[in-house]
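Based on the hints, put chain B in the right spot on chain A.
2 protein chains.
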Amino acid sequence: MVDFSKGLVPVIVQDYNTNQVLMLGYTNEEAYSKTLETRCVYFYSRSRDKLWKKGETSGNILKVKELYLDCDSDTVLIKALPEGPTCHTGETSCFFNQIV
Amino acid sequence: MVDFSKGLVPVIVQDYNTNQVLMLGYTNEEAYSKTLETRCVYFYSRSRDKLWKKGETSGNILKVKELYLDCDSDTVLIKALPEGPTCHTGETSCFFNQIV
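Those sequence lines, one after another, are chains A and B.
For what it's worth, the UniProt record's numbering labels the leading residue of the first sequence as 1, then goes sequentially.
For what it's worth, the UniProt record's numbering labels the leading residue of the second sequence as 1, then goes sequentially.
The shape of chain A in the complex, shown without the other chains (with noise of 0.2 Å):
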């Protein structure tokens, strides 16, 4: 059971097959649910304040290939694969900004 009671949960999605870190977003119930259920990722975008399915506009959703929770269940770590760049700048990842 994932922790809700500190509110949003940071949700970090990795790239199955190589490991690279590609995003994070955050999960609620409903978004957590939707999830498991349809096994692609879904968010709740905080700026819009509603459900997000990754992907919905621009076709570059995330498969789950495996889920975890850390160890006080209050983050989560999904391994998915990615259909197209997960940033919405066209990057593959988001990290793209080195400052070390």
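Be aware that a few hints might be false.
Just so you know, same-sequence chains aren't split out, so a pair can sit in one copy or run between any two.
[Stated by the list, open to error] Okay, derived cross-link-like pairs now, DSS-like style, lysine-lysine, Cα gap no bigger than 30 Å in a straight line: (1) 50 / 6; (2) 6 / 63; (3) 34 / 53.
No wet-lab data here; the hints were simulated from the structure.
Below, chain B without anything else, positioned relative to chain A:
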């Protein structure tokens, strides 16, 4: 520049050598500055409500090798060299509870 306008910022820690996702913590301005300055991972502990050097009691520190921001600068990804297991349970990674 990290965007702290929405509050604490999640930090994904990934093993520099294996690409395994080890844990997720949170950072604020102080923890982020200390991380850059010392090249050891500092978090802001939500439960203890204070700055927390990962490994300060266990010795299981995380040495920063690379650090990335995501496309909207509100998530940090650190590739680190862990000294010892990262999870307080003794597991290598906090994500040992597989759901799918």
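Hints versus structure:
In this assembly of identical chains, residue 50 and residue 6 lie within 30 Å of each other by CA distance both inside one copy and across copies; the values are 18 Å within and 17 Å between. Taking the closest pair of Cα atoms, residue 6 and residue 63 come within 30 Å of each other both inside a single copy (27 Å) and across two copies (29 Å). Taking the closest pair of Cα atoms, residue 34 and residue 53 come within 30 Å of each other only inside a single copy of the chain (9 Å); across copies the shortest separation is 36 Å, beyond that limit.
Violation of the numbered hints given earlier is absent; every hint is satisfied by the structure.
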